[in-house]
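Novice: As you go down the protein sequences, you meet chains L and E in turn.
Note that the working numbering has the first sequence beginning at 1, numbered continuously upward.
Note that the working numbering has the second sequence beginning at 1, numbered continuously upward.
Source of the hints: derived by calculation from the structure; they are not laboratory data.
All C-beta atoms in this analysis are idealised placements derived from N, C-alpha and C, irrespective of residue type, glycine included.
There are no misleading hints in this set.
Label-pair restraints from in silico Cβ distances:
#1 E/Ala77 x L/Gly621: 42 to 48 Å
#2 L/Lys564 x E/His71: 35 to 41 Å
#3 L/Val279 x E/Ala77: 58 to 64 Å
#4 E/Leu29 x L/Tyr477: 40 to 46 Å
#5 E/Val237 x L/Met480: 36 to 42 Å
#6 E/Val237 x L/Val232: 39 to 45 Å
#7 L/Ala594 x E/Leu245: 51 to 57 Å
#8 L/Glu585 x E/Ala77: 53 to 59 Å
#9 E/Ala77 x L/Met480: 19 to 25 Å
#10 L/Ala86 x E/Pro38: 45 to 51 Å
#11 L/Ala594 x E/Val37: 45 to 51 Å
#12 L/Glu96 x E/Ala77: 23 to 29 Å
#13 L/Arg276 x E/Val161: 25 to 31 Å
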Amino acid sequence: MRATGLSACLLLGVSLVLGPPAAGGGQAESPPPAGAPGLRYEIWIELDPDGKMLLGKEEIIWTNPTQDAVPDMLLHLYWNAFKNEASVYMRENAAETGLLRGGSPEDGEWGWIDVTDIRLADGSDLRPALTFVTPDGPETEGDQTVARILFPAPVQPGESVHLRLEFKSKIPRTVARSGYYRDSFFIGQWYPKPGVYEEGKGWNCHAYHLNSEFFADFADFVVHITVPTGFVLGSSGKAAETRTDQAAGTTTTTYRQAMVHDFAWTASPRYLKIERDFVADREVTAKEYDEAAALLGLPLEEVRLPDVKMTLLIAPEHKGQIERHFRALRAAIKFYGLWYGPYPYETVTMVDPPFRTGSGGMEYPTLFTAGTSVLPSRNVLSPEGVIVHEFGHGYWYGLVASNEFEAAWLDEGFNTYSTGRVLAAAYGPGALSARFKGWPLDWFLRLPKIFDFETDRVAAINVVRYDPVTAWSWKFYDRMSYGANVYMRAATLLNTLERLLGEPAWPRIMRTYATRYRFRHPTKADFAAVVNEIAGRDMTWFFDELFEGTRSFDYGVASVASVKVPVQRRGVFDAGGAREEWTTEKVEAFEAAAAEAGDGPGRYRTTVVLRRYGEARLGGGDRVEAVVRFEDGTVETRTWDGQGRWARLEFVKPARAVSAQIDPRGVWLIDEDLANNSRRVGGLRRNTVKLMTQLLFAVQCVLHFFGSWS
Amino acid sequence: MGVIKAILAGMGTTIRKARILVILYVVNLVFAVIAAVPLLALVRADLEHSFLGASVRPLDPMWLGEAVLEHQEALPAIAASLAVFGLFYLALHVFLYGGIVGRLLDREGPATLPAFAGDCGRYVWRFARLFAIALVFYVLTLGVVMGLVSALFRPLSESAVTEWLPFILSNLHLLIALLLLSIVHMVVDYTRIAVVADAERKVLKALRHALTFLKKRFWRAWAIYLLIVLGTIVGAVVFYTVLGLLGGPGVAPLAAGLVWMQAYILFRIWIRTLFVAAQAEFYRSHPY
Numbered sequence: 001m002r003a004t005g006l007s008a009c010l011l012l013g014v015s016l017v018l019g020p021p022a023a024g025g026g027q028a029e030s031p032p033p034a035g036a037p038g039l040r041y042e043i044w045i046e047l048d049p050d051g052k053m054l055l056g057k058e059e060i061i062w063t064n065p066t067q068d069a070v071p072d073m074l075l076h077l078y079w080n081a082f083k084n085e086a087s088v089y090m091r092e093n094a095a096e097t098g099l100l101r102g103g104s105p106e107d108g109e110w111g112w113i114d115v116t117d118i119r120l121a122d123g124s125d126l127r128p129a130l131t132f133v134t135p136d137g138p139e140t141e142g143d144q145t146v147a148r149i150l151f152p153a154p155v156q157p158g159e160s161v162h163l164r165l166e167f168k169s170k171i172p173r174t175v176a177r178s179g180y181y182r183d184s185f186f187i188g189q190w191y192p193k194p195g196v197y198e199e200g201k202g203w204n205c206h207a208y209h210l211n212s213e214f215f216a217d218f219a220d221f222v223v224h225i226t227v228p229t230g231f232v233l234g235s236s237g238k239a240a241e242t243r244t245d246q247a248a249g250t251t252t253t254t255y256r257q258a259m260v261h262d263f264a265w266t267a268s269p270r271y272l273k274i275e276r277d278f279v280a281d282r283e284v285t286a287k288e289y290d291e292a293a294a295l296l297g298l299p300l301e302e303v304r305l306p307d308v309k310m311t312l313l314i315a316p317e318h319k320g321q322i323e324r325h326f327r328a329l330r331a332a333i334k335f336y337g338l339w340y341g342p343y344p345y346e347t348v349t350m351v352d353p354p355f356r357t358g359s360g361g362m363e364y365p366t367l368f369t370a371g372t373s374v375l376p377s378r379n380v381l382s383p384e385g386v387i388v389h390e391f392g393h394g395y396w397y398g399l400v401a402s403n404e405f406e407a408a409w410l411d412e413g414f415n416t417y418s419t420g421r422v423l424a425a426a427y428g429p430g431a432l433s434a435r436f437k438g439w440p441l442d443w444f445l446r447l448p449k450i451f452d453f454e455t456d457r458v459a460a461i462n463v464v465r466y467d468p469v470t471a472w473s474w475k476f477y478d479r480m481s482y483g484a485n486v487y488m489r490a491a492t493l494l495n496t497l498e499r500l501l502g503e504p505a506w507p508r509i510m511r512t513y514a515t516r517y518r519f520r521h522p523t524k525a526d527f528a529a530v531v532n533e534i535a536g537r538d539m540t541w542f543f544d545e546l547f548e549g550t551r552s553f554d555y556g557v558a559s560v561a562s563v564k565v566p567v568q569r570r571g572v573f574d575a576g577g578a579r580e581e582w583t584t585e586k587v588e589a590f591e592a593a594a595a596e597a598g599d600g601p602g603r604y605r606t607t608v609v610l611r612r613y614g615e616a617r618l619g620g621g622d623r624v625e626a627v628v629r630f631e632d633g634t635v636e637t638r639t640w641d642g643q644g645r646w647a648r649l650e651f652v653k654p655a656r657a658v659s660a661q662i663d664p665r666g667v668w669l670i671d672e673d674l675a676n677n678s679r680r681v682g683g684l685r686r687n688t689v690k691l692m693t694q695l696l697f698a699v700q701c702v703l704h705f706f707g708s709w710s
Numbered sequence: 001m002g003v004i005k006a007i008l009a010g011m012g013t014t015i016r017k018a019r020i021l022v023i024l025y026v027v028n029l030v031f032a033v034i035a036a037v038p039l040l041a042l043v044r045a046d047l048e049h050s051f052l053g054a055s056v057r058p059l060d061p062m063w064l065g066e067a068v069l070e071h072q073e074a075l076p077a078i079a080a081s082l083a084v085f086g087l088f089y090l091a092l093h094v095f096l097y098g099g100i101v102g103r104l105l106d107r108e109g110p111a112t113l114p115a116f117a118g119d120c121g122r123y124v125w126r127f128a129r130l131f132a133i134a135l136v137f138y139v140l141t142l143g144v145v146m147g148l149v150s151a152l153f154r155p156l157s158e159s160a161v162t163e164w165l166p167f168i169l170s171n172l173h174l175l176i177a178l179l180l181l182s183i184v185h186m187v188v189d190y191t192r193i194a195v196v197a198d199a200e201r202k203v204l205k206a207l208r209h210a211l212t213f214l215k216k217r218f219w220r221a222w223a224i225y226l227l228i229v230l231g232t233i234v235g236a237v238v239f240y241t242v243l244g245l246l247g248g249p250g251v252a253p254l255a256a257g258l259v260w261m262q263a264y265i266l267f268r269i270w271i272r273t274l275f276v277a278a279q280a281e282f283y284r285s286h287p288y
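Next comes chain L alone, as it looks inside the complex (with noise of 0.2 Å):
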């Protein structure tokens, strides 16, 4: 029956929603109107939650976008990478480990995707020729996560392919956030789906690495989803219609967006499914939009939000967080709006993941899943940071998608950004996250708080030694160094430029990067192309230096030291034709005279000498700045271009410098040591004091315990 259902719905769903092949039936389809994008996908996807199998149909209309004549299509058969230990993944995934197993499922737990059938419209069937390829070099060889189709005949520019794949898939359990645990499933990454074709250079179409995520085009979806009947639904897109099979027991939904690049759904008959308006209106005041168009420098129609139909699929064990995960859900709906333009979907899904279905915190067009506990933390910013982060994806990968595997900085840095900014906005600081045995330890004890920047900035200063932000992703030294330098460097590069470019430029250009490149693929150049035009400067060198390079970025005071000037130097002078030995007994007598003449407080030659630690170094005229502090309360600001490793700066004043301070605004917020950043003559503070009785106070706890083992 449930077969019958879906060729059912096949032949129904082509010839409504697609509309019929074009005549000839072979690859010559017509291109896409205007606007459309060069892709459309209609599938039919039928859950089988005993067998945990995915049995599906798939169309696919390409339109060669390109002047390059296309004989081949590839392919990505995510699903493959947790078939086996050969896969890319699993052999990265036991490297990064080191363990031979490491990673990998238990048996009977493997998941895999099949291609039984895959034709072009006309009926020749390509199944024949498909084959797996390791794009990403031959050390990737026994992966199956990337298949390659050979069309009878190139794809000419312009012209489209009409694709009919038939697949089956089994559901992993639980690994890369897809899969499932008991009746709960978590689908992500599941159907075939085209690599992106980049003029001249072919199908970018990497295999399925440990440390990546992906890339794909922008599409037209139509996706059939049938769950048995009780099954509560949660998809990418719109939900246009749904139909009950009675003698099946099962009900089929169906759902469409456009201009989209990815497909996601969840099914589980324990969520718990709640709707809400984000009415842009009672949301946003009409002061936030003045200063938000005045800031942008855009008229107001364009900062404008539309409303939005919010959806909650929460776990009932998380009943109480309702409000929680909607409050966060608005101010990001409105911040990124704000800033980067308006949500252009009518529809966001947000889901509580199921239990160990291991699919927390991720990001797919129009749905994203987020993730709590059942003991929620009150002053910690979650479940809200893996909310303002998962819906801002919708943004930096929805929306302006970069190459995730290439630039996954490009999405995950300027996300991370981002959410920094949202959540201070909405919330402040949040304290530090900890637990204990499941129970958070702000119940109990007065944590930090924090701002996002600020962890962002520890975790990323020392990720320089490994790699560069920019490396491509499966190529960084470890998980630790992808993960550092992707989302807590970039973020921490983006805060610095912030800092240094400043109103209005700095709001002007990631508004002016995320509208130009929606819809749009856009890498790092292209990024730096919207930073020289709106800044109008060239900011390359911070790009080549920070972005591109592996040099540690530290300037400080290395001293601040105040002599005074003598009133009458000592040796011999020749003067009007005479000469004179100052001896120190004259000095000393003229000086004492000086004094009691009342000649003022004498003059002090203060020497602050700078230091340029790191080995990264400024460039394109950005210079940092000095402050230097005196006793009588005077100022003095100097400017560094910070080329050579140290400069001497010299005064001479009437008081002794107190302190000397590089950077006092904190422009420069990569800097890796902020402690050498001033120095000031004179002892300990007292934070410093209080900062030490208490770790002597822990270390006499250590020791007491220590001792109760006795």
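Could you slot chain E onto chain L? The hints should help.
Specialist: Okay, now just chain E, sitting in the frame of chain L:
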């Protein structure tokens, strides 16, 4: 003797023998100062001349993260030296327990340093042997028994429908571990007391005395132990609550915080002697 009466009597003893607390406190402070020197030196080098020194907070993530990364090569050495110091301190406490138990059980005797040191020397080898036996019990408790408990809980946890069950089981596991450890601790305490009170030279015999004693009145003995643990928890809550109120600018709150922290260390040391004193009172009220 009843539970409360034993604890109250123990309190009386510890107060009468307050000099023991002073000795133990001084030992703790001296060792802590020595152990903390490298850490304090790092803090001083980093912050003495920096503006950060004026704004740094105890758990300042900016400074803490930066310092950890900056000194990451030195950190393993510091951690190792702290661990070695801790183990040495543990060994020292095996020695000091002779003085603690000896003086607390000598009702009429003085709690002077010579008398304390004399007891330390008198019982050191017996308590060292007891420590070796206790180690076996700790390993059995944490390794074998808790391993069995884990094996019992695992299938339940793995088949859970929501996170509640794993959460409850995980906490239950911890609770069971703590309760079992408290029993081992209690047995070791009573054995020490038996060594001194019964002038028993054979540790295994003393252990048998303790076990026989506990067999007859386990629940009351455990109640004494757990009530003192409860007191410790209450004390810790009071300590951290008051410490949180001692913020503010100026030297006075800083000094008050320092004094309060040291008072807490003294409280913890007092609790340790109270365990011995209360259990000794209970033991002596029911002669073997």
